[in-house]
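Peer 1: Below are the chains, spelled out letter by letter.
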Amino acid sequence: MKAAGLDEPYQKRTPLLEVEDLTAGYGAAPVLHDVRLTVRPGEIVAVLGANGAGKTTLLRTLSGLVRADHGRIAFDGEELRGVRVEQMVRRGIAHVPEGRGVVTELTVDENLRLGGLWRRDRADAARALSEVYDLFPALAQRRASAGHQLSGGERQMLALGRALIGRPRLLLLDEPSLGLAPMVTAQILALLRDLRERTGLAVLLVEQNVRSALSVADEGVVLSLGRVVTRNSAADLRDDAALRHAYLGF
Amino acid sequence: MDRFVYLTFDGLSRGAVYAAFALALVLIWRAARIVNFAQGAMAVAAVYVGYSVTEKTGSYWLGFAASLVFGLLLGIAVEKAVMRFVDHSSPLNGVVVALGLVLIVQGVLGILYGNEYRPVETPFRRDAFEVGGVALLSRYDVFVFAAVGAVVVALTVLFTRTPVGLRMRAAAFAPDVSRLLGVPVGGMLTLGWALAAAVGSLAGMLVVPTELGLHPTAMDVVFVSAFTAAVVGGLDSPIGAVTGGLIVGLLLSYVSGYLGATVAPMAVLLLLVVVLLGRPGGLFSSSKARLA
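If you read the protein sequences in the order shown, they are chains A and B. Position 48 of the first sequence, counting from 1, maps to 48 under UniProt numbering, and the rest follow consecutively. Position 278 of the second sequence, counting from 1, maps to 278 under UniProt numbering, and the rest follow consecutively.
Think of the hints as simulated: they come from the structure by calculation, not from any bench. It is possible that some hints are incorrect.
To be verified - With the C-beta cut set under 7 Å, the calculated list includes, among others, these residues of chain A facing chain B: (1) Gly82; (2) Val83; (3) Val85; (4) Val89; (5) His95; (6) Asp109; (7) Gly115; (8) Leu117; (9) Asp236; (10) Asp239; (11) Leu243; (12) Tyr247.
Claimed, not checked - To be clear about the criterion: a stretch of chain B counts as covered by chain A if any three or more of its residues have a C-beta under 8 Å from a C-beta of chain A, and this derived list gives those stretches: (13) 177-185; (14) 199-209.
As the list claims (entries may be wrong) - Computed list of lysine to any residue pairs in SDA-like fashion (alpha-carbon distance at most 20 Å, straight line): (15) A:Lys12 / A:Arg198; (16) B:Lys80 / A:Arg84; (17) B:Lys80 / A:Arg198; (18) B:Lys80 / B:Thr57.
Please read all numbers here as calculations on a predicted model, not as lab measurements. All C-beta atoms, glycine included, are put in the ideal place defined by N, C-alpha and C.
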């Protein structure tokens, strides 16, 4: 089953997220300079770049954790700047932060339910919860375990599952492969592809692991010192040896 | 033996009040990482309001309810008007601001009500029932146990069984993640202060009539014992606060019963030192969970 409007190729769809001239940072010196990017429904866009390029800051600015100094962040045609962080999830934006953001003091079940507490549609929140348990049987087995007892892979599944309970339209995913075995990373990236096929989920994926990011992404945006140096299809980025050497280190 | 039994019940009854007061400290610590040194003064303010209402209406229970409601509102006001703006870069900032609040609240109470001790009535008799010739506990003690027990049960249900409780815990442990999941973290913080201040007011209503009398600084001594109780239990743990409260109550009762009331405050400090040396995180600290 495909979500509505997903029959046409994603390149032709109306953009879900449009970022223009975004400048942001912590205090006087901005980390991001004039960033532009577009994410369409069902598209997976990888944000690539070295440490300190501003990848995490970009995601944190989009979800309102970092204040934008100027520029435009349009989501579904509406300006996101000035929208409070706790409202983002209601707009359809889920942010799985760096380090996964599992509340380690809470149990798996509590973490997941937390992801659906804001929803008015209680029946669908309950349905989403059981879907997540179906998607990640490992979590179902560890329902009553505290977050700090989970392995890295389980934490990533928990953070991702918790985000999905909100039935987001855009997923901001920060370093999902960090500290995970390659097998687990592959599973999670395969899941992203599956989700965008089934639900039209758009993903903005920040990754250190450039190869695996480009293996799953449609497009890549390369950041260097807070500026976009290239936007291109994932295939072209993989083939561009000069660019890879200059910015991506392989 | 009779004396031991009597002292035990007396200690548990005092301890229940310390438990409630320590619980209030723990609520704020968990929510805001601030030890609310102003809690005693805030509780006294609520007790003054309670007994003013009782004087006007002639009903203890109206005054009792008014005190808790006022405490709740005072908690909200203190968080929204003062504590929200405290810079968290140093843990001392919150302490200093709270101590400043103590001076303000006690000063205002002195202006409004005067600085003399005012004896106030308990709603129940304080002479102990005798069972088999041994004086055990009074009607008032039973009331204290019931009130504190009800608060402990209510808070436990709130935190472990309700969506609001889940939000409050999440907001305390991981504010940024909670906001990303749609939790209004600021509101949860205000709610934490409100609940804590109401529980503190309850402790004040329970303890002021028994030994202290109403006075702007009436809760200072209680604060020391309750703070010790909270630290003994581990500032993060509600169960620890209750247990710590009962331990401190028993200790005070035994020491003042067998060694004299004058050494009792020293015993509390000694307990604090021993616990801090032996188990700095407190008896029920969750440091394992935090490190993992």
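Peer 1: It remains to establish, for every hint, whether it holds in the given structure.
Peer 2: So, going through the hints one by one against the coordinates:
Against a cut-off of 7 Å between C-beta atoms, the interface hint on Gly82 of chain A is violated, since the closest Cβ of chain B lies about 15 Å away. The restraint placing Val83 of chain A at the interface with chain B is violated, with a minimum CB-CB distance near 12 Å, outside the 7 Å limit. Annotation: interface hint on Val85 of chain A holds; nearest CB of chain B at approximately 4 Å, less than 7 Å. The closest approach between the C-beta of Val89 of chain A and any C-beta of chain B is roughly 4 Å, which is under the 7 Å cut-off, so the hint is satisfied.
With its C-beta approaching chain B no nearer than about 5 Å, His95 of chain A sits inside the 7 Å limit, and its interface hint holds. Nearest Cβ of chain B to the Cβ of Asp109 of chain A: about 10 Å, over the 7 Å cut. The hint is violated. Taken as an interface hint, Gly115 of chain A checks out: its beta carbon lies about 6 Å from the nearest beta carbon of chain B, inside 7 Å. Annotation: Leu117 of chain A was flagged as interfacial toward chain B, and the flag holds, the nearest CB pair being 5 Å apart, inside 7 Å.
Interface hint at Asp236 of chain A: violated, since its Cβ lies 33 Å from the closest Cβ of chain B, which is beyond the 7 Å cut-off. The criterion of a C-beta within 7 Å of any C-beta in chain B is not met by Asp239 of chain A, whose closest approach is roughly 36 Å, and the hint is violated. For Leu243 of chain A, the interface hint is violated, the least distance from its beta-carbon to any beta-carbon of chain B being 32 Å, above 7 Å. The restraint placing Tyr247 of chain A at the interface with chain B is violated, with a minimum CB-CB distance near 29 Å, outside the 7 Å limit.
Taking a C-beta to C-beta cut-off of 8 Å, the stretch 177-185 of chain B contributes 9 residues in contact with chain A, enough for the three needed, and the coverage statement holds. With 0 residues carrying a beta carbon less than 8 Å from a beta carbon of chain A, the stretch 199-209 of chain B misses the three-residue requirement, and the given coverage is violated. Straight-line distance between C-alpha atoms of Lys12 of chain A and Arg198 of chain A comes to about 18 Å, which keeps the hinted pair within the 20 Å bound. Taking the CA atoms of Lys80 of chain B and Arg84 of chain A, the gap is about 18 Å. The hint holds against a cut of 20 Å.
Distance hint between Lys80 of chain B and Arg198 of chain A is unfulfilled; the C-alpha atoms sit about 45 Å from each other, more than 20 Å. At roughly 31 Å between alpha-carbon atoms, Lys80 of chain B and Thr57 of chain B are farther apart than 20 Å, so this suggested pair is violated.
Violation of the numbered hints given earlier is confined to hints 1, 2, 6, 9, 10, 11, 12, 14, 17, 18; the remaining hints are satisfied by the structure.
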